[in-house]
Amino acid sequence: MGNERGVSLYERLPLDNKEKAMKFLIYGLLTAVIFGTILMISKSIADNAGTWQNLDNQQNEMNYMQGIYGYNDYIERLEKTALIAYWMQYQEVIVGNIARIGVNVGLIFIMIAFVSFALNDKLDERTRRISLTLAGVVLFVVMFTTFFSNIAIFVS
Amino acid sequence: MAKWDGLLKKKSAYLIVGIAIICFILGPLLGVFLKKTYVYQAKPEVIQEDSVSGITRAFAQPVTIAKDQKLIIEIAEFYPNSTVTLKILAKSTYESAVIANSTPGSISGLEFVYSVFGWGTSPSGGTQGATALGLPTNGLYLYIEFMGTRSGDALISWPGDYVVIVYGYNTGGPTDLNVSFDISIAVDGPGDELSNIFILVGIVLLIFYFIAAVIVILRKNYFR
Chain V
1 MGNERGVSLY
11 ERLPLDNKEK
21 AMKFLIYGLL
31 TAVIFGTILM
41 ISKSIADNAG
51 TWQNLDNQQN
61 EMNYMQGIYG
71 YNDYIERLEK
81 TALIAYWMQY
91 QEVIVGNIAR
101 IGVNVGLIFI
111 MIAFVSFALN
121 DKLDERTRRI
131 SLTLAGVVLF
141 VVMFTTFFSN
151 IAIFVS
Chain G
1001 MAKWDGLLKK
1011 KSAYLIVGIA
1021 IICFILGPLL
1031 GVFLKKTYVY
1041 QAKPEVIQED
1051 SVSGITRAFA
1061 QPVTIAKDQK
1071 LIIEIAEFYP
1081 NSTVTLKILA
1091 KSTYESAVIA
1101 NSTPGSISGL
1111 EFVYSVFGWG
1121 TSPSGGTQGA
1131 TALGLPTNGL
1141 YLYIEFMGTR
1151 SGDALISWPG
1161 DYVVIVYGYN
1171 TGGPTDLNVS
1181 FDISIAVDGP
1191 GDELSNIFIL
1201 VGIVLLIFYF
1211 IAAVIVILRK
1221 NYFR
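As you go down the protein sequences, you meet chains V and G in turn.
For the first sequence, position 42 matches number 42 in this note's numbering, and the numbering has no gaps at all.
So this note's numbering is basically just the index in the second sequence, starting at one, shifted up by 1000.
No wet-lab data here; the hints were simulated from the structure.
As the structure is a prediction and not an experimental result, all values here were calculated from the model.
Note that the Cβ used here is the ideal one computed from N, Cα and C, for glycine as well.
Treat the hints with care, since some could be wrong.
[As the list claims (entries may be wrong)] Facing chain G, from chain V, some residues (calculated, C-beta under 10 Å):
1. Val33
2. Phe35
3. Leu39
4. Ser42
5. Ile45
6. Asp47
7. Tyr64
8. Tyr71
9. Asp73
10. Lys80
11. Ala82
12. Phe148
[Unchecked claim] Quick list of the computed label-pair ranges, beta carbon to beta carbon:
13. G/Gln1069 <-> V/Asn48: 27 to 35 Å
14. G/Phe1033 <-> V/Gln59: 41 to 49 Å
15. G/Ser1122 <-> V/Thr146: 30 to 38 Å
16. V/Asn48 <-> G/Glu1193: 37 to 45 Å
17. V/Ile84 <-> G/Asp1050: 49 to 57 Å
18. V/Gln58 <-> G/Gln1069: 24 to 32 Å
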């Protein structure tokens, strides 16, 4: 690591190194998939907060009926359950934004990998063109997800 | 960065994830086992019939409750000829009454709620307020919650020192002077707080480890 000090970020890019570009592609893909999965898990937790709240409320009522605790403990748990349900919904904002950054970082690495393939004159023309197209597509997705909250197509 | 690399070693991973899992298991368990802290338990508790005429002869258990802390009393009366009454007094009221050796029946108790349990019972419908409860008149088993006073069925916290008193008489022959009942007095324990802390520690550990691992992997693979 020591000899890399003072080397600019640009100089570290794998522009003419196929192996390093492939590494960028694979790890970029992995990063995007991991953060994408986290995003979906977070969304699922938020979407199902209401269902969990109903389940916990039912358990709470049954605990009261069995005499495990009294009315004021029942009320306390109702309030705590509501708080946790709100947190389950709100965590999507925090986790979602962190995951979005992770996905975008992953996509940027994928894009760099494809640009590197496109700029590598040791590869054949066709591969370079396809790589450039794919880099463009990834850049398009990154730009859209950065500037817009979602992309939707309506057919009427 | 070298010291962070150690985080990815198998040993470190097992240790950190293991501690997190232990926290996730321990948290709810502590929550259940330390939900209540018992102040006094007796089965049976025996007092004498003269407790009706003088508070100094009544059962008295001092209890201190903190802000938002609840006092939970379970009292049952399944003994022949025993009739008991339970009240909760402020410590100051109790001490004044002890000096005068007042009759417990003449002292006003503080407001509490008691619950009647059963399948299909609605929690709000099964709860009532009272300042004194008699056994077996009001039931053979009573579950009482107290925090200082109440508004409807909800308790209002008045942190401070209180005394739970029980007095009663024996309806048997003139030589039967014992008045028996079962009682357990508890206050809210640290279970809920401990449970939350352990679960939070587990979550923070896992998030910290995940972020550290991602940073180490990214640095190792992209910029070397």
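Which earlier hints turn out false for this structure, listed by number in ascending order?
The structure breaks hints 1, 3, 4, 5, 6, 11, 12, 14, 15, 16; every other hint is satisfied.
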